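Keeping their order, the protein sequence lines are chains L and Y.
Quick note on this note's numbering: the first sequence kicks off at 1 and runs consecutively.
Quick note on this note's numbering: the second sequence kicks off at 1 and runs consecutively.
Bear in mind the hints are in silico, worked out from the structure with no lab data behind them.
Please read all numbers here as calculations on a predicted model, not as lab measurements.
Check before you lean on any hint, since a few could be wrong.
[As the list claims (entries may be wrong)] Example chain L residues on the side facing chain Y (calculated, C-beta under 10 Å, incomplete): (1) 26; (2) 30; (3) 205; (4) 284; (5) 285; (6) 319.
Quick reminder that beta carbons are idealized off the backbone N, C-alpha and C, glycines included.
Given next are the chains, with one letter for each unit.
2 protein chains.
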Amino acid sequence: MTDSQLLDLSMIDAARRIAAGEVSSVDLVTACLGRIAEKDGEIQAFQYLDPAHALAQARAADARQRSGRAAGRLNGVPIAVKDIFDTQDMPTEHGCRAFAGRQPEHDAACVAALRAEGAVIIGKTVTTELATLEPPRTKNPHNLGHTPGGSSSGSAAAVAAGMAPLALGSQTIGSVIRPAAFCGGVGYKPSFGLIPRVGVLEQAASLDTVGVLARSVDDAAFAVEIMQGRDSRDAATAGVVHSPLLSIAQQEWPLPPTFAFVKTHAWSAADAATHEAFGELVEELGPGQVQEISVDHTTEAGVEAARIVNRVELAAIYGPILDKTPELLSKTVTGMIEDGRRISGAQYIDALNARARFQSAIDEILVGHGAILTPAALGVAPKGHGSTGNPVFCAFWTYLGLPAVTLPLLEVDGMPMGVQIVGALHDDGRLLRTANALVRQMSAGAA
Amino acid sequence: MTDSQLLDLSMIDAARRIAAGEVSSVDLVTACLGRIAEKDGEIQAFQYLDPAHALAQARAADARQRSGRAAGRLNGVPIAVKDIFDTQDMPTEHGCRAFAGRQPEHDAACVAALRAEGAVIIGKTVTTELATLEPPRTKNPHNLGHTPGGSSSGSAAAVAAGMAPLALGSQTIGSVIRPAAFCGGVGYKPSFGLIPRVGVLEQAASLDTVGVLARSVDDAAFAVEIMQGRDSRDAATAGVVHSPLLSIAQQEWPLPPTFAFVKTHAWSAADAATHEAFGELVEELGPGQVQEISVDHTTEAGVEAARIVNRVELAAIYGPILDKTPELLSKTVTGMIEDGRRISGAQYIDALNARARFQSAIDEILVGHGAILTPAALGVAPKGHGSTGNPVFCAFWTYLGLPAVTLPLLEVDGMPMGVQIVGALHDDGRLLRTANALVRQMSAGAA
């Protein structure tokens, strides 16, 4: 296979071909490293890259394959990892000068799960400072003059640029869905608590969720299936039920799934191109498949509650860094901490407790529909690098812990626009199956 | 039996004699009602009392006994209930004008558990306003010029005055141990999460604990054994293991249990009589059985953290009452809410997270000793009714969720003084067994 063919392989296809001996991990990783060498000077997706170490992992994977012994389900497949996930063999600096040169002793639990299946951790991708709103140096592969979004900026850009078939990200408000949408990829933020966060930078324990940036729904489903699990060190994982996400995602729907089109209060702030593109999408699906449902007031209050929870928890965990080494934090992060410190504990508790009320409103919608359909962002990736874009279309769903997927189904002036679908809590499999059905339906319509 | 003999029965003895047909519930409840009629004009332990309804419950219990069918383990035994526990057949007013005349539809889960065993809920006892520090109208049965303590004021006074063998209370900071000690009773605050709080007034969800005021360790153990349980409506009960507390409490120790005498930072504020009484107690037990251990700094920081958690959670839950009907709250409660609203969310999270650190310091002490030995209060019940006394000797243990028992082993100028012992989290049985051993040892020494 040519390098270009290798780089076009999905994660699952690559794993299958490596297992079958049709492709070597060394060839695939070499192709990825070539793409990185070619493109990353301008894109700046990677924070840490050691090509020799990546190739050593690939050689070990190929040796496992050749040995005939059971190799993992991701044996030899390169995966890029946001630089807030601890890696025992690479620095993990959280995009923050206060952690410069930090070398963890252990892999994050989810990284360890990928390695246990034979994955090659190809390198660490750029995160915004402490996974916040401070803009990173990464550029959007579709147009270098635009932001890739954040905070999983490097992961989204790397996958979009063909540097790895899949990358790990995390979402506290909108950090997986937004950059995936801006970079034209599939982004999947699972239900809160599905993947343990042990060894992952904490920003807001009530919201932080591990997710993936991928090129297909199946790849995203499979990676999350491998990383899901319970861990006594992460209370959020207690009681969460696990399921074979990939096989559920690949099931056919007996009928095309129906959608609740929820514009939310943010719709009026979305740009004209978004209004037009979603108008056409809803028209194409037709009234039998899409019903518009209004929950404006709920989402506005929910986004504010999410902001309160995020700011307070962020202030508690990052505050000591500000107190100790203020010169190592950006104005953005300093302002977020100071902002959080001004919020009272009683407001914080109210914001946490309000979730149950919002949840029941959304549950009613999800009973009658396959998923909620909504924009991923206010428009395509904004021009310039002074902002990572607005996460307003993600905050509410993250706050409720709901699984969300963005699909690169729309395009405006050559830039990708994501379609976000949101499912019921802990019913990730159904959401992924719905995502696949929607992708198939739109491809058929386009053909 | 005479009324006086009936009133001297322990809860467990009363249950046994009623089951055996030696005593009728009607006779026992009548004796209790007689004592209430005689004494409660001055003591003011009861908030709500309907003698006819209490007797109707007693007649039903006697009928169950006579029927020969299985009756509950507390069949016909009168129990008094603090007026923050919902009762389907009596008002529940939380000691607060904002809840005047409130009639719940359902029993609190723990009240229902007692009724399921045949208990007679004899009446509702006075609580301080919303279970806070606002003084109640109840007087100390040992000397009407002194406070009974709070917030389980009426329950402690009722048991001490022989109006019921056992009463329900609750502790958020020191509301079971302090009034029990002031009124000369046994107070038992179980491990956090042992008894579901469904249908109980919430003041601070991270601290609120259902407890009992009794006249013996066995009675306290048995009542809590009956009320313990898991309930999906109270997350604190998840994962807590239950055990047959009474039979563990009645086991003999192979050797006399050893104690860590922990004065805490509050010792210097305790009065001279407390210093003297505990000095004598420690001397009597001797160096082989008691070792003084200093944890001053830890307890001071822990009490402050407990205050923060309590005030913030109180402000979140009671704040809306203040906003809606400020005229119905006392200055004390208004001040507590305003105080809580000034505390930031980040401080609150820090105060919650600090627990793990304090816990490990205490765990080390408890590994080497049967229990921690410490005062229950700064002295005997303070004179006057302007304050319910200082809970400083309870706050730290409540904050850590540890089980605590106060025993009426000391006396100063005719007023009872409690000895508090504190055990390891979720090892309530061992603490109760230690409590019984200490009571036996002190009785033998006094004989």
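These are the hints, each one checked on the structure:
With a least beta-carbon distance of about 46 Å to chain Y, the hint placing residue 26 (chain L) at the interface is violated under the 10 Å criterion. Restraint check, residue 30 (chain L) versus chain Y: the minimum CB separation of about 46 Å is more than 10 Å; hint violated. Proximity of residue 205 (chain L) to chain Y holds as hinted, the smallest CB-CB distance being about 9 Å (cut-off 10 Å). Hint status for residue 284 (chain L) relative to chain Y: violated, with the closest Cβ pair at about 44 Å, above 10 Å.
The closest approach between the C-beta of residue 285 (chain L) and any C-beta of chain Y is roughly 39 Å, which is over the 10 Å cut-off, so the hint fails. A cut of 10 Å between beta carbons decides the hint on residue 319 (chain L): the least distance to chain Y is about 6 Å, and the hint holds.
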